[in-house]
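Number of protein chains: 2
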Amino acid sequence: MGARGILLVDHGSRNAAANESLEAIADLVREKLGEGALVGFAHMELAPPGIAEGLAQLVRAGAMEIVVVPYFLAAGRHSTEDIPRMVDEAMRAHPEVSHGVAPPLGVDALLAELVIRRAGGEST
Amino acid sequence: MGARGILLVDHGSRNAAANESLEAIADLVREKLGEGALVGFAHMELAPPGIAEGLAQLVRAGAMEIVVVPYFLAAGRHSTEDIPRMVDEAMRAHPEVSHGVAPPLGVDALLAELVIRRAGGEST
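Sequence lines, in order, name chains Z and W.
For what it's worth, this note's numbering labels the leading residue of the first sequence as 58, then goes sequentially.
For what it's worth, this note's numbering labels the leading residue of the second sequence as 58, then goes sequentially.
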């Protein structure tokens, strides 16, 4: 098993700030995982880099398996159908690299903690 | 200063599972804050309860100040314009209760941690 890459994928927006926030999260993930971690980001549509480009960058950087994380709060057609289909299609160009698509962010205590933080932090 | 209420507000969806995930997060926030915490949820549109109804429920439960947390990953028109306007309008019916609108979830290390968890948890 070779190096593992993570690709964050959101919908993509015409709003540059929204696209930049995905890049900022990818930077935080890379920092947390430590030096040399293969972490990228891509948008389904409306802004570059697209999914095929994001995957290709991770492969060029040496990823031998890639996990795609749909950066969506709730499960829906984008995270369960569109992204897996687009990833499968793009990965035909990289048959030597294994890949999978994770669940979206979904329901998690970390999100409850973040809500409390945004509300003014009664609990932490 | 009286009891403080938190209202989570997302866009709302025709997909019941998406709406239920907001309710599940509200439940987690309530658990974290402990017994008697005033935590509600509402959708901007497409599904009940709406913002005015969610706010009224918190007021009836005894909230004297309410913080609305836009449950969106990135800042955009909904979180910075539409929700504050809808909240201001609805709160005219409750002039005795103070209110504010928090920033959306945005960029935070907790979200990076959640991405790593969904990707299969290399770091924790």
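Hints listed in this document are in silico derivations from the structure and should not be mistaken for laboratory results.
In this text the structure is predicted, and so the values were computed from the model without any measurement.
Check the hints yourself; a few may be wrong.
For identical chains, the list gives no copy identity; a pair is met inside one copy or between any two copies.
[Said to hold, decoys possible] Cut-off 20 Å, straight-line C-alpha distance, at most; resulting in silico cross-link-like pairs (SDA-like, lysine to any residue):
{"id": "1", "residue 1": "89", "residue 2": "142"}
{"id": "2", "residue 1": "89", "residue 2": "73"}
{"id": "3", "residue 1": "89", "residue 2": "170"}
{"id": "4", "residue 1": "89", "residue 2": "133"}
{"id": "5", "residue 1": "89", "residue 2": "177"}
{"id": "6", "residue 1": "89", "residue 2": "141"}
{"id": "7", "residue 1": "89", "residue 2": "107"}
{"id": "8", "residue 1": "89", "residue 2": "135"}
{"id": "9", "residue 1": "89", "residue 2": "113"}
{"id": "10", "residue 1": "89", "residue 2": "72"}
Evaluated hints:
1. 89 <-> 142: Intra 29 Å, inter 37 Å, cutoff 20 Å: neither.
2. 89 <-> 73: For residue 89 and residue 73, the Cα distance exceeds 20 Å both inside one copy (25 Å) and across copies (34 Å).
3. 89 <-> 170: This pair counts as both: shortest intra-copy Cα distance 18 Å, inter-copy 8 Å.
4. 89 <-> 133: neither (28 Å within a copy, 27 Å between copies)
5. 89 <-> 177: between (25 Å within a copy, 14 Å between copies)
6. 89 <-> 141: Neither: 26 Å inside a chain and 34 Å across chains, both beyond 20 Å.
7. 89 <-> 107: The answer is neither: 24 Å in one copy and 38 Å across copies each exceed 20 Å.
8. 89 <-> 135: Classified as neither: same-chain Cα gap 27 Å, cross-chain 30 Å, threshold 20 Å.
9. 89 <-> 113: neither (23 Å within a copy, 41 Å between copies)
10. 89 <-> 72: Classified as neither; 27 Å inside a copy, 34 Å across copies.
Of the hints listed earlier, those the structure fails to meet are numbers 1, 2, 4, 6, 7, 8, 9, 10, in rising order.
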